[in-house]
Amino acid sequence: MNPFIKIIYINWPLQILILATALFGFLMLYSVSGGSWDPWTKPQINRFFISFILIFVMSAISISFWQKISPFCYILGLALLIAVYFYGDTGMGAKRWLDLRIIKLQPSEAFKISMVMALAYYYHKLPVNKVSHPFYVIVPLLLIIIPALIVFRQPDLGTALVIIMIGIFVMFIAGVHFGYFLFGGLSFCTLLFILFQSRGTDWQLLKDYHFRRIDTFLDPSVDPLGAGYHITQSKIALGSGGLFGRGYMQGSQSQLNFLPEKHTDFIFTTLAEEFGFFGTIGLLIIYSLIVAFCIFSALATTDKFSRLLITGLCMTFFTYFSINIAMVMGLLPVVGIPLPLVSYGGSSMIVIMLSFGLIQSAHVHKNVGF
Amino acid sequence: MSKFKDTTLKSKIFRRVHRRIVLAGLLKASTVALLGWNIRKLQIEDSEDYKLLADANRVNLRLIPPSRGLIFDRLGTPIALNEQNYKIVFIREQAADPRKVLKKLASIIELDQKRQEKILQDMKKRSSFIPITVAENLTWKDFAHISVNLPSLPGIIPEVGLTRHYQEYESYAHIVGYVGPISDKDLKSEKPVDPVLQIPKFQIGKVGVEKKLETHLRGRAGVSKVEVNASGRVMRELSRTQGKSGENIHLTIATNLQKFASERLKGMSASSVLIDIKSGDILSLVSTPSYNPNNFVLGISQSDWNALLNDERKPLLNKATSGAYPPGSTFKMVVAAAALELGLIGLNDKIFCAGFYELGSRNFHCWLKGGHGKLTLQEAIQKSCDVYFYELARKVGVKRIGDMARRLGLGQAYNLPLTGLSKGFVPTKKWKKERFGTSWLVGDTLNVGIGQGFSLATPLQLAVMTARLASGKEVTPNIIKNSNKNPDNPKALSIKENTLVAIRKGMFDVLNEKDGTAFNFRTTNHNFLIAGKTGTSQVRRITREEREEGVIKNEDLPWKMRDHALFTCFAPFKNPKYALSVVVEHGGSGSKVAAPIARDIMLFQLYGGIPPVTAYPEKQQVEARKRLMDIEKKINSRTNINPNI
Numbered sequence: 000m001n002p003f004i005k006i007i008y009i010n011w012p013l014q015i016l017i018l019a020t021a022l023f024g025f026l027m028l029y030s031v032s033g034g035s036w037d038p039w040t041k042p043q044i045n046r047f048f049i050s051f052i053l054i055f056v057m058s059a060i061s062i063s064f065w066q067k068i069s070p071f072c073y074i075l076g077l078a079l080l081i082a083v084y085f086y087g088d089t090g091m092g093a094k095r096w097l098d099l100r101i102i103k104l105q106p107s108e109a110f111k112i113s114m115v116m117a118l119a120y121y122y123h124k125l126p127v128n129k130v131s132h133p134f135y136v137i138v139p140l141l142l143i144i145i146p147a148l149i150v151f152r153q154p155d156l157g158t159a160l161v162i163i164m165i166g167i168f169v170m171f172i173a174g175v176h177f178g179y180f181l182f183g184g185l186s187f188c189t190l191l192f193i194l195f196q197s198r199g200t201d202w203q204l205l206k207d208y209h210f211r212r213i214d215t216f217l218d219p220s221v222d223p224l225g226a227g228y229h230i231t232q233s234k235i236a237l238g239s240g241g242l243f244g245r246g247y248m249q250g251s252q253s254q255l256n257f258l259p260e261k262h263t264d265f266i267f268t269t270l271a272e273e274f275g276f277f278g279t280i281g282l283l284i285i286y287s288l289i290v291a292f293c294i295f296s297a298l299a300t301t302d303k304f305s306r307l308l309i310t311g312l313c314m315t316f317f318t319y320f321s322i323n324i325a326m327v328m329g330l331l332p333v334v335g336i337p338l339p340l341v342s343y344g345g346s347s348m349i350v351i352m353l354s355f356g357l358i359q360s361a362h363v364h365k366n367v368g369f
Numbered sequence: 000m001s002k003f004k005d006t007t008l009k010s011k012i013f014r015r016v017h018r019r020i021v022l023a024g025l026l027k028a029s030t031v032a033l034l035g036w037n038i039r040k041l042q043i044e045d046s047e048d049y050k051l052l053a054d055a056n057r058v059n060l061r062l063i064p065p066s067r068g069l070i071f072d073r074l075g076t077p078i079a080l081n082e083q084n085y086k087i088v089f090i091r092e093q094a095a096d097p098r099k100v101l102k103k104l105a106s107i108i109e110l111d112q113k114r115q116e117k118i119l120q121d122m123k124k125r126s127s128f129i130p131i132t133v134a135e136n137l138t139w140k141d142f143a144h145i146s147v148n149l150p151s152l153p154g155i156i157p158e159v160g161l162t163r164h165y166q167e168y169e170s171y172a173h174i175v176g177y178v179g180p181i182s183d184k185d186l187k188s189e190k191p192v193d194p195v196l197q198i199p200k201f202q203i204g205k206v207g208v209e210k211k212l213e214t215h216l217r218g219r220a221g222v223s224k225v226e227v228n229a230s231g232r233v234m235r236e237l238s239r240t241q242g243k244s245g246e247n248i249h250l251t252i253a254t255n256l257q258k259f260a261s262e263r264l265k266g267m268s269a270s271s272v273l274i275d276i277k278s279g280d281i282l283s284l285v286s287t288p289s290y291n292p293n294n295f296v297l298g299i300s301q302s303d304w305n306a307l308l309n310d311e312r313k314p315l316l317n318k319a320t321s322g323a324y325p326p327g328s329t330f331k332m333v334v335a336a337a338a339l340e341l342g343l344i345g346l347n348d349k350i351f352c353a354g355f356y357e358l359g360s361r362n363f364h365c366w367l368k369g370g371h372g373k374l375t376l377q378e379a380i381q382k383s384c385d386v387y388f389y390e391l392a393r394k395v396g397v398k399r400i401g402d403m404a405r406r407l408g409l410g411q412a413y414n415l416p417l418t419g420l421s422k423g424f425v426p427t428k429k430w431k432k433e434r435f436g437t438s439w440l441v442g443d444t445l446n447v448g449i450g451q452g453f454s455l456a457t458p459l460q461l462a463v464m465t466a467r468l469a470s471g472k473e474v475t476p477n478i479i480k481n482s483n484k485n486p487d488n489p490k491a492l493s494i495k496e497n498t499l500v501a502i503r504k505g506m507f508d509v510l511n512e513k514d515g516t517a518f519n520f521r522t523t524n525h526n527f528l529i530a531g532k533t534g535t536s537q538v539r540r541i542t543r544e545e546r547e548e549g550v551i552k553n554e555d556l557p558w559k560m561r562d563h564a565l566f567t568c569f570a571p572f573k574n575p576k577y578a579l580s581v582v583v584e585h586g587g588s589g590s591k592v593a594a595p596i597a598r599d600i601m602l603f604q605l606y607g608g609i610p611p612v613t614a615y616p617e618k619q620q621v622e623a624r625k626r627l628m629d630i631e632k633k634i635n636s637r638t639n640i641n642p643n644i
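Heads up: the sequence lines are chains H and U, in that order.
Using numbering that gives the first Met the number 0, you'd call the opening residue of the first sequence number 0 and step up by one each time.
Using numbering that gives the first Met the number 0, you'd call the opening residue of the second sequence number 0 and step up by one each time.
Among the hints, a few may not be true.
Quick partial rundown of chain H residues pointing at chain U, CB under 8 Å, derived from the structure [stated by the list, open to error]:
no., residue
1, N128
2, I172
3, G174
4, G240
5, L242
6, G275
7, V290
8, M328
To give an idea of the interface, some chain H residues facing chain U are shown, with a C-beta separation under 7 Å as derived from the structure [as the list claims (entries may be wrong)]:
no., residue
9, V127
10, I235
11, L237
12, G241
13, F276
14, T279
15, L283
16, S287
17, A297
18, F317
19, S321
20, I324
Keep in mind that the hints were calculated from the coordinates and are not lab data.
Note that the Cβ used here is the ideal one computed from N, Cα and C, for glycine as well.
Here chain H stands alone, though its shape is the one from the complex (with noise of 0.2 Å):
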């Protein structure tokens, strides 16, 4: 087929969506910047424009060749996280970011697609009657966990967990026994216990900025000028938008400031405070849409690749969202989750993208079969 031909073929009410979301995220960083294209519109728009004419130029090409390549781009992704461990810059006490001269790349946020793609690949190449088998659950367990503990030694505990979850995720779609969840469930809470019980000894597996984390996000009000002053203040803006919102560009608490880097992760709290409760739930019905839309095409693909990449990408793409909604609401402890297609930053932006791409190779080509 002709590959200009199969754009036809596109999930278009998805790429509707995401355009949708990113005309959002382009009125709020307008916002947040005191009504200026400087410093963050201008480039967000330049990158998010690139990389959607990439998902075009991703859905023609053939979901086998996605396929085909999946365990080099896993193995790619595990040599970036590796590097970045060992050359990345240090930012804020961790080593997260890979200076690639040309971009500045995150490669834990670049390696969820990866791992996603070699799941997604694993299970369409194991035949089904090994799915649920004790070895076979342990290799991708192994293709979760390495790169997980990799990212957590950054640190990065936010990121690892997520990667954890998704690969996870990926696992239980692909119809791996109930009993495995079961019991990794139970084990993962006697962890949790463990970990807690941890502290202050000498064998802390935890460090102690992790502790008063969970600490000040248990009870922010005990430290509302230091750490709990991010949660503070952004809930602050998220209920004083009310119903309406104090209107666009008039949010006091992110237009002076107060609020913590209100144009990446707590872009939220500036949208809930200028547009109220009217412009959060939208957003999140935009969201849910776009999540809808992938289940559908996920549903309508013949092939376990195509499913399991689908799903595993949806389900990355609403870790984004509703964990970075919830961390501003104070409903999780703060971690460095943008809110996805309308926060500010590059990596992020086109690992997003980039997903969106393979899922609309997917959906193009459902019927292909192979």
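With chain H held as given, fit chain U onto it using these hints.
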């Protein structure tokens, strides 16, 4: 494995995948619902609370300090002013490299390496948007120079603030006092706390009129409601309430007289008070040595402070109102008045002075070794005979002497807005019993009779006493213009006119009769004749042995041991207008040291300027001319010296 089985398994797994995708979708949907529910709670249910919190975050009240009331002299010459203080502040966040900016600044104004380091250190301690004062009290030239160079000095901001400045500071320091940065102690003693005091380094009155009339001078702060950002920087002003500047204060002091008197007393540890008898206005109140109150405004250095504190001549003390001295012979008028009022002695009754007064086995000596012979009261005042007043004091008794002393204004503090007002002291029998546990002796009364012993008076009290004797009215001193509600009509003292006339005549003779103790220091202008009384108060006790061997001359004693020289007078004799007292600490004899000073000051006031030499006896004219010209020259050279401009 059969193909069939495989297919069933495959379809089974396939259905399971399908089912799980749907299950996961439902889980996601419920997560979204949970998020939505939480958003609803925050944005709809609790919205009002959060709106209040957001406002509390955003709005900040800033105080605009009021400009302090000015202090003027009686003619409206400003004494305490608010001067524009050219200063520059530095906001770190506006400069890329503060070190570089400071270096550049040092090429424009004087800013040594040490000061630069100090500024950089101060900056590190504070938030980056807080302005740090780099230099204060800049000259206009430097200030302009910096303003022109601003584009190359990022972060530097020229500012104009108001700082207290004292004109004629040396002669006014003890009256006006000074302001200084508020201390924690000051804040604690203030109740209720004026919000303006919380401005860091806000200047409040510390001493003198500045302190006592603080509430009048301070004014009320304005309030500016500003929007601030998270780091506390002001973004814009929302509203502004104007404050009220402090009230201006007009003193009763006449600056030209004040300056003359301080110049005349310069070099001594002395004080003088000149009162307008009719109104009670204090026209001059001088204490020397003085200090520069301007040094206190921005906080005085420890070494300067120690120097002032350790000076044995006590420059910080207002000797005119805080210094209490034995009044010496100036107290004799009190004893005389009491005796005459009680009819214990007639105007023509005489008492014999043999040079000493016998009391049991003890002799009380007269200052004149051979004695004065027979004296009337008028002559006793004129010659300041001690024996006469021993006798008189014994007749009157300490209680009635004390009553008269209080009536004439001793032993009490006046309601003046000055700090450290001393009440002086009028002793009583009861006090001695309580204080020392011993009974009052006749000898004590004799000592009181000549102003020695326990009684103490301040120069201000002596001037008031003289004013009351000269007018027969209850003259009360005041230092704030128009503060006396009934200036022309003070209460009469209810002392018989005859009594007053006799005392005044005695005081007149002190200067104008040949044997008067201050005859040398009379004036020859018949319209301005001065009546007064000398006083020499002993600081040490003269033992019998010393008296036998010959009393050591004052000049041979260490400064601290020398007698205080006192003189109190009024003029013109026929129509008393002004009362004046002069006390020179450890100056020696009142007649030799204090009287000439008093004459110069009094004549200055009577003439309304430097007196002509013709007012002095012929023999003294050459010396007087030299002295007066010297003072005039010094006053002129000192006028309008402003160390800060």
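Consistency of the hints with the structure:
no., hint, result
1, N128, "6 Å, holds"
2, I172, "5 Å, holds"
3, G174, "4 Å, holds"
4, G240, "5 Å, holds"
5, L242, "6 Å, holds"
6, G275, "6 Å, holds"
7, V290, "6 Å, holds"
8, M328, "5 Å, holds"
9, V127, "5 Å, holds"
10, I235, "5 Å, holds"
11, L237, "5 Å, holds"
12, G241, "4 Å, holds"
13, F276, "4 Å, holds"
14, T279, "5 Å, holds"
15, L283, "6 Å, holds"
16, S287, "5 Å, holds"
17, A297, "6 Å, holds"
18, F317, "6 Å, holds"
19, S321, "5 Å, holds"
20, I324, "5 Å, holds"
When each numbered hint is compared with the structure, no violation occurs for any of them.
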